[in-house]
Amino acid sequence: MRDKSYLRKRHQLIKKIRNFFDLQGLLEVQTATLLDTPTTDVYIDSVSSIINNDINSTVVRYLHTSPELEMKKLLSNGSGDIYQICQVFRDNEYGDNNFNEFTMLEYYRIGYDIHALMDDIINLLSAIGIDPKVTKISYAEAFSNYGNIDILSIDFGDLKDIALGLGLSTDFLWIEDLQMLLFAHLIEPKLKNLPVCFIYDYPESQSALARVDGPVALRFEMYLGGIEIANGYDELQDADIYYERFLRENNKRVELGKKAHTLDNTFLTQMQKTIPQCSGVAIGIDRLLQHIS
Amino acid sequence: MANYSTSQFKNGLKLILDGNPCSIVNNEIVKPGKGQAFNRVKFKDLITGKTLEKTFKSGESLEAADVMELDMQYLYSDGEAWHFMDPDSFEQYSLDSEAMSDSINYLVEQDSCVVTLWNDNPISVTPPNHVILEVTDTDPGLKGDTAGTGGKPATLNTGVVVQVPLFVSIGEKVRVDTRTNEYAGRA
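Protein sequences appear in the order of chains G and C.
In this text, residue positions in the first sequence follow the working numbering: the first is 1, and each later residue adds one.
In this text, residue positions in the second sequence follow the working numbering: the first is 1, and each later residue adds one.
No lab work stands behind these hints, which were simulated from the structure alone.
Each hint should be verified, as a subset may be incorrect.
What the simulated footprint calls covered on chain C by chain G, stretch by stretch (three residues with Cβ under 8 angstroms from a Cβ of chain G suffice, anywhere in the stretch; the number is not a length) [as the list claims (entries may be wrong)]:
hint, segment
1, 22-31
2, 169-175
With a straight-line Cα cutoff of 25 angstroms, these simulated DSS-like cross-link-like pairs (lysine-lysine) come out [to be verified]:
hint, chain 1, residue 1, chain 2, residue 2
3, C, Lys57, G, Lys259
4, G, Lys190, C, Lys34
5, C, Lys34, C, Lys50
Cβ coordinates follow ideal geometry from the N, Cα and C atoms, glycine included.
For reference, chain C alone in the conformation it holds in the complex (with noise of 0.2 angstroms):
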């Protein structure tokens, strides 16, 4: 694959750093007063989701990472393999609950997924910014219950705990923003 230099950097590019593919999600060139100029950048580990900085001297490059991020379909999981389709291809991925990550927590089937891919292998999956999931466990809330809006804790069907208002009961369906773990109102 191609190399980037320092002047290439911008946010967004995926490079090779210690191994593993990152992404810069900050890339600040700093030039001091008597001195050369630097780029200061801080990467996302896709692989760890690890947030790292360096700080390059200016002409440094790095390998570029074959990244691609393809919209897939999640079909099932067996507890110990996720997997995912890509809908143009028909091609199956799958993925292990490490690089699954905190999205077992909003998988739903059918639903379109971006799933992270390095080298052709997938590395990590996002799921749609909201999903809708089904409340399986929570007290009820009692009428006239108006002690503070922290709302009360309740079990959604994929195992994640989110607060809700005191009004959601079992069964019901509510939308969940992915993003922040928050309730984002009834479906």
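The shape of chain G in the complex, shown without the other chains (with noise of 0.2 angstroms):
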């Protein structure tokens, strides 16, 4: 049970959050948790639950694992720079780190590119009292820095042939799971002592729901000594390219032996109305505020 000073702590931060946002005039909203589909995602599952069993409704519903796709409808019907802070829910997640259940805050900000988004959360930062040195390398950067890997150009084989000179596994069927257990293994430590480091332009293979522009995906992810807070985009707009990006999840999940799931339509349907260039993240607050003193 957490005690006083954790609570009074955890308040003041969300209200710094607010008020940086609120002086900015992005609208606060609260979308949907109960979802009509799971995440698509390759490695996240939905915590999901039959509803109306009383009248013998056989309908299941899924809790979000992020806002992301509902914040985006919002955002194709004109509702500008918006943002949110809100539980999400995850299944199969284990460790001191990875919980069921956390808190989210995930904004959007139109007109912005990653940079301009990086620079951005620079300042959320130091409204909540984080004021460090910043690191910005790319990923390429970082793995020729500390992996001696031109991670961009090397195939899944060479790759592999790296993996096994230091003993890991490469029971890998796609190059970016490899890239990620390269990246744990080798970079992440490297990044324990920076207290802020962003990595962005991440490889194509790894584009999530991030516009790709040639080999980089133009993604970034935030790091607060050594640890995983943030993952950003400047977002996807084509609804052809969302749907090819559900579909290649999907289809992972089913070779994995995973279940495949319905898309949601209803979403690809609204991305008709092409959402405006913008890049939005998504920050966890459980783990920020470990890093609030």
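Using the hints, build the complex out of the two chains.
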């Protein structure tokens, strides 16, 4: 049970976050948490339940794993810049830093590219009392500096050889999984001494729902003391590409022996009304709180 | 021996890594936001004493190492081998200087030490946390010498050198913390 000083610290953090956004004119929103479709993320599972069983309904609803899709629906309807602080839910999470339920801050800035958004996040950190030296490196630079690997050009076979040489598993179907293993093994431990570090321009294979520019996805993550705190993109706008990405993720789930999920057709239809160019980010509040003294 | 999978990893678990028995010192579960879970593990190689790090895919498994830690009595050394006896079985085990490593500095005959066995072979020795050794050589601490708080070096009967307070003289018995090689009072 959390003590009063923790509750007070948390309250202050949320208040400062709200103040930061209110001063900039963002709208706070609450989007639906109980959704019709689960996330199609390969490695994230939605918590689900049959609802209205009393009246013999067999409808299944899913708790959101992030408010992303619902917030994008708002953006496509002309909401303008929006933010949300909400609980998110994920099945099959364990370890000291991963929970089935946690608090997420997610926000979107129209007209911002990922660099402008990273600068905005630095301002947000300052507003909540985190003011140290900031490091910004590209994914490629991180791998060449800390791992001596040309991560954007190296192919899957050669990357497996490197993993073998390090005594690591090569039992992966796709290059992005091996990239993530090597990042966790070689790069993350080196980030422990950096109070704030942004990694940007992820490989295209790890684009998630970010726009792609040649070999890189316009995606970034923020690490505080070596712990992953935030994930952001220059958001995909093209409805057809959203469809492709969802299919790709779903196919991977099937290949891994997981259940294929129905796609969120409401979302895909809504995306026909193109969202404005914007960048958005999701920030883990509980982990952020741990970094505030 | 049995295998352990990543979901069973915990501190102190002894596993075979690259042919050597290793003990888990830290087991961190890392799950990237868009990726699968990994176990980032720090091991201590029980033969070399070195620390190693390895990151495992969730579900990987390693062979368990048949490692036992037994209390044994230090008997004697002939300079090439150091001999210990299990007081329950009266079985004797011996180790060479490489396996003995730094513990040679803290051996007192009849003292009880922890001997680590791998597949019934002794691979290392851990002396008690504190041992009592005799000062065999040290400078006389000059009265009134108040320069600094470093003390002075003293050689003890096992050959190890420890920093001691200026008032300690040759022939005196001192208590030494074997984990830090520090003077821990007079005996």
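A quick look at each hint next to the structure:
Under the rule that three or more residues need a Cβ within less than 8 angstroms of chain G, the assignment of the segment 22-31 of chain C holds, with 4 such residues. Using a Cβ-Cβ cut-off of 8 angstroms, 0 residues of the segment 169-175 of chain C lie near chain G, which falls short of the minimum of three, so the contact claim is violated. Distance restraint check for C:Lys57 and G:Lys259: the Cα-Cα separation of roughly 21 angstroms lies within the 25 angstroms cut-off, and the hinted pair is therefore satisfied. In summary, the hint linking G:Lys190 to C:Lys34 is supported, as the alpha carbons are separated by about 20 angstroms, within the 25 angstroms threshold.
Straight-line distance between C-alpha atoms of C:Lys34 and C:Lys50 comes to about 33 angstroms, which puts the hinted pair past the 25 angstroms bound.
In the structure shown, a violation is registered for the earlier hints numbered 2 and 5, in ascending order.
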